[in-house]
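Residue numbers (the UniProt record's numbering), protein chains in the order written: chain L, 1 to 544; chain C, 1 to 544.
No lab work stands behind these hints: they were computed from the structure.
Ideal Cβ placement from N, Cα and C applies to all residues, glycine included.
Misleading hints may appear alongside valid ones.
[What the hints assert, rightly or not] Derived contacts from chain C toward chain L, CB cut-off under 10 Å, selection only:
{"id": "1", "residue": "Q350"}
{"id": "2", "residue": "F354"}
{"id": "3", "residue": "M358"}
{"id": "4", "residue": "G369"}
{"id": "5", "residue": "R375"}
{"id": "6", "residue": "Y384"}
{"id": "7", "residue": "F391"}
{"id": "8", "residue": "H505"}
{"id": "9", "residue": "S506"}
{"id": "10", "residue": "R508"}
{"id": "11", "residue": "Q523"}
{"id": "12", "residue": "T542"}
[Claimed, not checked] With beta-carbon atoms standing in for the labels, derived distance ranges:
{"id": "13", "chain 1": "C", "residue 1": "E429", "chain 2": "L", "residue 2": "Q425", "range": "22 to 32 Å"}
{"id": "14", "chain 1": "C", "residue 1": "G378", "chain 2": "L", "residue 2": "K418", "range": "20 to 30 Å"}
{"id": "15", "chain 1": "C", "residue 1": "K207", "chain 2": "L", "residue 2": "T399", "range": "40 to 50 Å"}
{"id": "16", "chain 1": "L", "residue 1": "V484", "chain 2": "C", "residue 2": "Q404", "range": "24 to 34 Å"}
{"id": "17", "chain 1": "C", "residue 1": "L215", "chain 2": "L", "residue 2": "T367", "range": "36 to 46 Å"}
{"id": "18", "chain 1": "C", "residue 1": "N507", "chain 2": "L", "residue 2": "K418", "range": "23 to 33 Å"}
{"id": "19", "chain 1": "C", "residue 1": "K306", "chain 2": "L", "residue 2": "S539", "range": "46 to 56 Å"}
2 protein chains.
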Amino acid sequence: MSLLSCGNGSSKVTAVTNCFIIKSVISQSRHIMTLSSHKANHSLSYWCVLFQGVGGGWIEAQNSRGEVGLVPEDYIEVREWLGVLSMELASFILYINVLFLLIYWCVCVCVWGVGAEDDEWDDEWDDVKSNSESGDGGAIQRGGATGSSMKISLNKFPGFSKSGPELFLLCKQPPKGKEKITIYMGEVGPVWSYPEAQLDCVVADPKKGTKMYGLKSYIEYHVIPNTTNRPVNHRYKHFDWLYERLLDKFGSAIPIPSLPDKQVTGRFEEEFIKMRMERLQGWMTRMCRHPVVSNSDVFQLFLTYKDEKDWKTGKRKAEKDEDVGVMIFSSIEPEAPDLDPIEVEQKCDQFSRFTKAMDDGVKDLLTVGQEHWKRCTGPLPKEYQRIGKAFQNLSSVFTSSGYQGEATLTDAMTSAGKTYEEIAQMVAEQPRKDLHFLMENNNEYKGLLGCFPDTIGVHKAAIEKVKEGDRLVAASKITPQDKVTMAKRVSTMSYALQAEMNHFHSNRIYDYNRVMQLYLEEQVKFYETIAEKLKQAHSQFTTM
Amino acid sequence: MSLLSCGNGSSKVTAVTNCFIIKSVISQSRHIMTLSSHKANHSLSYWCVLFQGVGGGWIEAQNSRGEVGLVPEDYIEVREWLGVLSMELASFILYINVLFLLIYWCVCVCVWGVGAEDDEWDDEWDDVKSNSESGDGGAIQRGGATGSSMKISLNKFPGFSKSGPELFLLCKQPPKGKEKITIYMGEVGPVWSYPEAQLDCVVADPKKGTKMYGLKSYIEYHVIPNTTNRPVNHRYKHFDWLYERLLDKFGSAIPIPSLPDKQVTGRFEEEFIKMRMERLQGWMTRMCRHPVVSNSDVFQLFLTYKDEKDWKTGKRKAEKDEDVGVMIFSSIEPEAPDLDPIEVEQKCDQFSRFTKAMDDGVKDLLTVGQEHWKRCTGPLPKEYQRIGKAFQNLSSVFTSSGYQGEATLTDAMTSAGKTYEEIAQMVAEQPRKDLHFLMENNNEYKGLLGCFPDTIGVHKAAIEKVKEGDRLVAASKITPQDKVTMAKRVSTMSYALQAEMNHFHSNRIYDYNRVMQLYLEEQVKFYETIAEKLKQAHSQFTTM
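Make the full structure from the sequences, and use the hints.
Here it is, written out as structure tokens:
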């Protein structure tokens, strides 16, 4: 197997940046690999990811000429194919697909560098994402339950990969007057600066709206922040736009969980709308709770825009924000002495181990929960129903005996039978009352934990760069002063990671306490109600 | 298909009584058909029952010469092959079987008219039945859960089948001084005469005994009646002897349920001994509760014999009792006007329908209960265990976070996990505490109800005979006075059946009330305990 982009270090990068721009691909594996550069020419190349698990930072891929080889992972953007449809073209594609009788399962076209000017364009696919990146930026990640997308843009530092944390590690001093994100030393270690009043919002009142004289319909939600108490309207695609902005801006430092699953069919069914709203609520609550995210301009815009004009202006501004990717770290100011690189690495490894272990634990609980759900809604209530029927059946046989003084027994048996039928129904309905929330919480955490490998990956890459410092100085790739700056900045990154982990832990402790309380409370009610019903049934029998 | 014993009425009977004696048979269907008569020669014939459901009182059978035909049901004794092994020969057969390497699955030999003189003979097969019939007698039945055996002996009335109720219908006046069984008219209709003090007994203290210098061992139980409070010793085979006596004596009028299952292997295992004792207790309680059975000499002997000599004397006397089979009806004296034969038939049909319907209902409940038992001891506790493990697993992951102030949550999660493990154990153990008794009760009733078709069959046969009255008078087979006597006596039989049904109903109402109370009481405790445990677990979580 040949190395498509051979060499190491800078030569590798140059090779890549000068050679490839992959705009779209029809991929067997439903994944698209994109290599992009501002220097790159705009010829189209089709790449197909063959194998992502090569390891060592390489991916096996095949290009449009059929050549198979390894490509450095860092230079690649891997996306689920549906996710990269540009909104401007998705509608067109939909009709094309219908016209061509779905001959191709997937047609993907990425249009580079053309930002969506507004969202007046409408489509049936509320969930198809706007792909309007502002051209520049560092690493941003997407992780979570619904697949992952890793985008690495390149930067201009000579001697460095144009992806990864180098952009920040060796950047100039941030411009004055820039918004600061302070990290304090709290009881538990580094912590973000938390606002006095906790931002919160309610997602409510889903309403069906139409456009184009009723040809297109969508669901619009009220989002009501506790700061203004004034509802603003948002569609799923607005949430998705916000998600993309937050991922761009904060993804290197803060895990931004995916939005609830995309869904094409049944979008207007009541059950689905309810579930999506509940999950959008969960996502918004988590974002509101995050002191850095909730304080950002784009998030505030989303919650409190005054009118359509305000929204559009803010939208355009957010899309042009250049402080995205790893550059978020340039805004962060820890109020604490620089950390030793060894300690930085130890912390990073610890977080890595913990999040991996918790990911396993959460997935295990989800599997067990799913099986329990199935049993509770399937065979178990059927069995209680059969027990109930058997009692009632025997009761009606007894009624036919013609024997006097039978009524008390037969009434009691019928009543006991009905009680077991009620229990059957209770058993079947119970998971929605308790297990549901336990599952939702763990699903949320599964999504969050899915973001950590990327967040921690940026961190690890930075640590490696710092380790390379001496060699880079010797090779005159960087100055000795650059090396000192890098160490200082990786310390800043570590403070950010620690603050984020502490935020995660504190939320986790709250969330699991809350959801376990809720689960057990409902379980107690459930068993108490059954006991009470059976006590009633019991009281009707007599051996006097 | 030819009629093997062709003709009708008397000619049929003569043909049968003069032609056939079937002593044993190796049968594919594991059933043996025996036709016997005192007049008959002793040549052996092998009969194989092909189909019992022909109806109209006929059974399809094949004799040793390969001839297939219909044989009147009344003349046939159908037994499970193990049940007819005579005790004297069973041991021998056992060894023969071993010697001949079980080439034949079944070797059955009936020895007629040789009563067992005592029970000094011992064998490993506690459960092999003594087959010592006192040569004469009417119909006796055996029914129940463990297979059925119907024995019809013949009588000497010319012009009548020597089986069935004719023996009683046309017998001479019973000798004076004979014990009377009175039937009163109670609130619910005809009822047996109930004693003022209810007889009861306890079966307890199973002890292993040995004979023949330790070569043979058996289990002996204490049986303690509430009348004397003095324990007497009995082995399973004594219970079985009692069962046979009661069946001989009362089986035509009173359903005598089978003893608990025979068992050869594992007879000395604690669990088995406990279960057998529990079931012998249940059987004895039911017999004690029956005013006719409990008042009988043989039952009193069993409960209160003074010493070995007393026991043996009583035993020999009981085995020579000639008042067995349908002749039990001759002791019965209803204190009420004779019933119209049409009413008799209606009652009979009603009882037949009811017992059939209840049999179905009981079997349905047993099936449902068995499945529930399986789920409660199999997959369900495993699932609760996995839920418990998942909580504890997540708790230990949390413990590894290194975050301060985690202990309350992790302790609570571990505790919740352990609670679900405890619930798993409770779920698995619960069926023994409640479902067990519900199942045992229904198993008992299944056994009892299995006796009714035979008991009701005797009754139906008597009704048919009365219907034939005019024809028999015309053919000078009976006198007009005989016909009047028959009608009177079938009325007595009907009173007995009604008294027995009322006894059955009153016991049934008591038993089902009691067992449902017990079941629901334990179910309430079960759910309350779970709720309490979960409440405890709940209290450890906090969102303060």
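Right, here's what the structure says about each hint:
no.	hint	in the structure
1	Q350	holds (6 Å)
2	F354	holds (6 Å)
3	M358	holds (5 Å)
4	G369	holds (8 Å)
5	R375	holds (6 Å)
6	Y384	holds (8 Å)
7	F391	holds (7 Å)
8	H505	holds (4 Å)
9	S506	holds (8 Å)
10	R508	holds (8 Å)
11	Q523	holds (5 Å)
12	T542	holds (6 Å)
13	E429/C to Q425/L: 22 to 32 Å	holds (26 Å)
14	G378/C to K418/L: 20 to 30 Å	holds (27 Å)
15	K207/C to T399/L: 40 to 50 Å	holds (46 Å)
16	V484/L to Q404/C: 24 to 34 Å	holds (33 Å)
17	L215/C to T367/L: 36 to 46 Å	violated (58 Å)
18	N507/C to K418/L: 23 to 33 Å	holds (26 Å)
19	K306/C to S539/L: 46 to 56 Å	holds (47 Å)
Consistency note: the structure conflicts with earlier hint 17 alone.
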